[in-house]
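Chemist: Here is what each chain is made of, one letter per residue.
Protein chains: 4
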Amino acid sequence: MKILKFALLGVGRIGKIHAANIALNPKCSIECVYDIDSNAANKITSLYGGTVALSPKEAISNPSVDIVYICTSTPTHTKYILSAAKAGKAIFCEKPIDLDINRVNKCKKELEKYNIPIHIGFNRRFDPSHLSANERKNKGEIGKLEQIIITSRDPSGPTAAYLKVSGGMFRDMTIHDFDLACFILQNDPIVEIYATGDRLFSAEAKEANDIDTAMIIMKSESGVLCHINNSRHASYGYDQRVELFGNKGMLISNNQTPTSVTSYSNGNTSSKDHILNFFIERYEIAYKNQLENFVNCINNKKPTTVNFEDGRKALIIANAAYDSFENKKTVKINYS
Amino acid sequence: MKILKFALLGVGRIGKIHAANIALNPKCSIECVYDIDSNAANKITSLYGGTVALSPKEAISNPSVDIVYICTSTPTHTKYILSAAKAGKAIFCEKPIDLDINRVNKCKKELEKYNIPIHIGFNRRFDPSHLSANERKNKGEIGKLEQIIITSRDPSGPTAAYLKVSGGMFRDMTIHDFDLACFILQNDPIVEIYATGDRLFSAEAKEANDIDTAMIIMKSESGVLCHINNSRHASYGYDQRVELFGNKGMLISNNQTPTSVTSYSNGNTSSKDHILNFFIERYEIAYKNQLENFVNCINNKKPTTVNFEDGRKALIIANAAYDSFENKKTVKINYS
Amino acid sequence: MKILKFALLGVGRIGKIHAANIALNPKCSIECVYDIDSNAANKITSLYGGTVALSPKEAISNPSVDIVYICTSTPTHTKYILSAAKAGKAIFCEKPIDLDINRVNKCKKELEKYNIPIHIGFNRRFDPSHLSANERKNKGEIGKLEQIIITSRDPSGPTAAYLKVSGGMFRDMTIHDFDLACFILQNDPIVEIYATGDRLFSAEAKEANDIDTAMIIMKSESGVLCHINNSRHASYGYDQRVELFGNKGMLISNNQTPTSVTSYSNGNTSSKDHILNFFIERYEIAYKNQLENFVNCINNKKPTTVNFEDGRKALIIANAAYDSFENKKTVKINYS
Amino acid sequence: MKILKFALLGVGRIGKIHAANIALNPKCSIECVYDIDSNAANKITSLYGGTVALSPKEAISNPSVDIVYICTSTPTHTKYILSAAKAGKAIFCEKPIDLDINRVNKCKKELEKYNIPIHIGFNRRFDPSHLSANERKNKGEIGKLEQIIITSRDPSGPTAAYLKVSGGMFRDMTIHDFDLACFILQNDPIVEIYATGDRLFSAEAKEANDIDTAMIIMKSESGVLCHINNSRHASYGYDQRVELFGNKGMLISNNQTPTSVTSYSNGNTSSKDHILNFFIERYEIAYKNQLENFVNCINNKKPTTVNFEDGRKALIIANAAYDSFENKKTVKINYS
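Chains as they are written, first to last, in this note's numbering: chain L, 320 to 655; chain S, 320 to 655; chain W, 320 to 655; chain F, 320 to 655.
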């Protein structure tokens, strides 16, 4: 088996996670690393091997490289996607592709010239519990799907600086939930959305003119109703639940704890261990499985499982959410 | 202690429950029973004592009667309320007061002439678990309330005949959830609503031009977001959950089972006993506690805890839900 | 339906519970009450009706009385059982029948002269959860029973004064678990026992030369192994669990909480409401169901479901437990 | 950091697990592999590198080797331990050290001549949940420990062939629970034991004159009571629970499931995913953590955390269990 060689662009918080997983996967190796902070790049290569590239171009054009991993800041994504495509490399790009749908559409058109596999970083599709619930639903365990309830609350919000460039809660945070809903609904597209929200607690959100709390209802073509609720702070940890309600039953993918210990005392009964605190812990296995899935698609020359269009759709839904939020009405979603 | 004497109007499904609870409560006794079906009335008096009244008027005007319990069909409610008020009797009236807000408003105006205690039958406020969650929230356990999630799914829907006179899902079924949300929010009124729904499975709902599945988002004056989801069929039983999310924690009032037995076999792990199937089982204690609460208010000359205005507000919200559903937009709620 | 009339002997802690249940049951009424403390008797009759009897004899010989309820101190049980039997009354007697097996055997012999229904107060058999687990086992849900694990821990121990006359932990507290094991095993008698224990914390137990912690293993004729563990203090409440392990599955009757509320905060995850604190709360329904069961047996002229022999067997096992504890060996149980 | 080099002796079921973990751990590499079946050894080296050794001697004497991993059949353990000790290699040896306490004692005496780190393969000490419960107990969360309940049931039993050489259930299976109890009790040694069991279902156990079901009670020097129950078949999977009861609370290390999905249908409520089926899945992380722990002790020149004496003690307790079982009495444990 050929070991796939990776060029990593960007090794910030999320890039580091991908770097560690690539290093651990016996089918992969890190060939080169680029980051605007060369110290950060150095740190990664000293841990996991590979060389430091002095520019994205150098990394992408490295002839040994099979796959370009794009974990840089969002506005650079489409540029690197197209560079990598031109260089004939397979691509992994973190979400969102871009905050501007016009740039995404342009990128899409350009990409069509190249027959390049690309995988967008919607990690939650690869969480064993969400995945298991979805597969059991697909096998008919709950009959016909009628309702989806996604609870998605972060333990704490990002910095004001980040919020100013994040594109807003719907494009930055809820976009994961939009994609998860699309994944669950498969060939039954979301056709309308209602979104609302408020700024209930966050000074940073206020500074960035963003919200910190949201509720959404979407409807699919076949009539499935989907509710999403979001908060930028959950005192008890990273709250990630998915409920699938069908005419023959219900499946819930619940929160997870690091151990199976429960405690009993004068003050509590059957209290579980704390909820896994944030995405690095909660979706640790999801990240690993996502890489494995992508690598297998490349090796077996199969289409990627989360493609450019999935990334584009999630952004279109997020944009429609803003339209609904601002105009206080149901918005029809137009994917064209 | 004086035993309070009750006139029961209507002893159908819900009237029977009230009759049994009145008979069991040592502070109460059944004085007389009226039903359009005199056999039904006879059955109740033979079980629990009291005499059969030949007309509502006879029952209401009976001088021994302290309290008139109105469990007849919805269109008769306001008429009997006013008759009882004129006769100087305390009143319990099943929800909804009426399907027509104009009649409710007229009734309200008339009622103001009499200083009569009236209690509307929103039983869920008296469920020990919903109540406990709400009280713990009031005591500050979860800090400032930010989100409410109410899951409310019936095990199976009513007959087509009933659906035709029910006033529609929002006025018949969701009205309980609207009231529960108002109860939780207390002095923080719901100011806007978005409601949607669909007819996903029910032939009866189709015949009645009603929906069978709904999702709603409401916002309170202070910004609390509240989601309600409804279904007319839940294969696993009567699904009644309330989630209160605050800035310091979360409280969930979960479903209940008749026993605390869990089973383990080749096919399942830690499977609980079945969920209590419908409102008679699930809210058995709530009904008893509601009666107790009402009777104590009467005996102690305190205001009733669920009053006419609560019934009127829930109907106003239900009407706004229909407005939103039909016009696909956020609707401001006008309580005047 | 004839209302059964009760003579209550002894209205201390447990007698009061029975009095309230008799008063609530529409098939029963309290005819007379005797207690060495006539104020206590007066209190009961003023609450629930009936007259105060000046002596046990007066109560038992009252010609209106159908059933004698014996809730006096243990040493008086056999005397009142025989008096009631001679008077031709049905009998309910609290556990244990007596602490001395010779007196129990003598009483048994005497009783055989009268064909009197007698029911011994092993309330746990009537707990809906224990009962449900047992019935599901009987229906074959877990195949052939192989192991029983009974966890039975009181929230706090009795007074030193009580401990001195209690007959010791095995005869006073564990006797309930012995009976529960017999009930579960039905026609498969317990044939041997090993018991051990220690005094780990209780000054009162020390004063009474008793233990406060125990562990037991018993074996039935067919080879079923049964473990019991006891403690006189459980900081988290009254711990009452029964685990039935068979070759096709396992059923656990778990602890119970007053509400179905769970809480989540920085310090806990999915913490349930507190465990019901002691037998009055935990077995509230069991006591009501036990009375109902007894009354139905009387009314339908069927044999009682917990008879004198059940009470005798539990004491024999408790005695064998002491033999084992003192001699540190397996003891064969001789029921003759 | 120096990479530690391993000689693997025996790559059957358990040796394969260790081989994979050594290969995955970046601080370790496989230097050579010996197995009586050279094909098995070849398979491992082709997967993970290293050379095939033609004899245990060749593997042990390989000068590159730092650590000898003994996963061969039990009767060969002491021989290889001593060879490795003479060769100055650190040692990991699977449980049990040997079935014969005299050989273990002799081996101990011999070993004392060499100052060699040795780690015995009691993997359960490294399970994150058991470990967490124990650490929380050590930190005082449940006050003074009073009771331990270990439930340990295999999903299915071994072959008749294996059972004949296993040394019997107590030495083969329960030995893990004995060690876990010692681990939890730390410096409070187990001083007496009562053990019983039966052959309730297993033809293989019958053929091997072994039991398939057991219950045990042990007492520590300070009076802590410890119950173990075992079965060779649990229809619902590998049942591994540890309950720690103290005077201020209780901690339970519960069973684990591969996902956090729960299902609801007409037939079940809140049914969890299946229990992890057997030790390879259930203790997957424990095996990895055990290796990590051992390697860190070697690298930091610290004493091993599960030493020869721990292995010897567990065998002494198992032997005492047989003594108790055969003589139906409490047996004092003599560790000398």
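Hints were generated in silico from the structure; no laboratory data involved. Please note that the accuracy of each hint is not assured.
Which copy is meant is left open, so a pair is good if it fits within one copy or across any two.
Said to hold, decoys possible - In silico lysine to any residue, SDA-like type, Cα no more than 20 Å apart, as pairs:
1. K458 with G586
2. K538 with G462
3. K432 with N608
4. K607 with N340
5. K463 with S475
6. K463 with G331
7. K376 with D507
8. K647 with E511
9. K538 with R518
Chemist: How do K463 and G331 come out at 20 Å by Cα distance, when the copy is not named: within, between, both, or neither?
Modeler: neither (42 Å within a copy, 34 Å between copies)
Chemist: Please work out whether the CA atoms of K432 and N608 approach to 20 Å or closer within one copy, between two copies, in both situations, or in neither?
Modeler: neither (29 Å within a copy, 49 Å between copies)
Chemist: Give the relationship of K376 and D507 under a CA distance limit of 20 Å: within one copy only, between copies only, both, or neither.
Modeler: Intra 40 Å, inter 57 Å, cutoff 20 Å: neither.
Chemist: At most 20 Å between C-alpha atoms: does K538 with G462 qualify within a copy, between copies, both, or neither?
Modeler: Answer is within; shortest intra-copy Cα gap is 18 Å, inter-copy 33 Å.
Chemist: At most 20 Å between alpha carbons: which applies to K538 and R518, within, between, both or neither?
Modeler: Only across copies: K538 and R518 sit 12 Å apart there, 25 Å inside one copy, limit 20 Å.
Chemist: Classify it for me, K647 with E511: is the Cα-Cα distance of at most 20 Å met within a copy, between copies, both or neither?
Modeler: both (13 Å within a copy, 10 Å between copies)
Chemist: Could you figure out if K463 and S475 sit no more than 20 Å apart (CA to CA) within one copy, between two copies, both or neither?
Modeler: Between. Shortest inter-copy distance 16 Å satisfies the 20 Å Cα cut-off; intra-copy 36 Å does not.
Chemist: At most 20 Å between C-alpha atoms: does K607 with N340 qualify within a copy, between copies, both, or neither?
Modeler: both (6 Å within a copy, 17 Å between copies)
Chemist: Give the relationship of K458 and G586 under a CA distance limit of 20 Å: within one copy only, between copies only, both, or neither.
Modeler: between (42 Å within a copy, 16 Å between copies)
Consistency note: the structure conflicts with the earlier hints numbered 3, 6 and 7.
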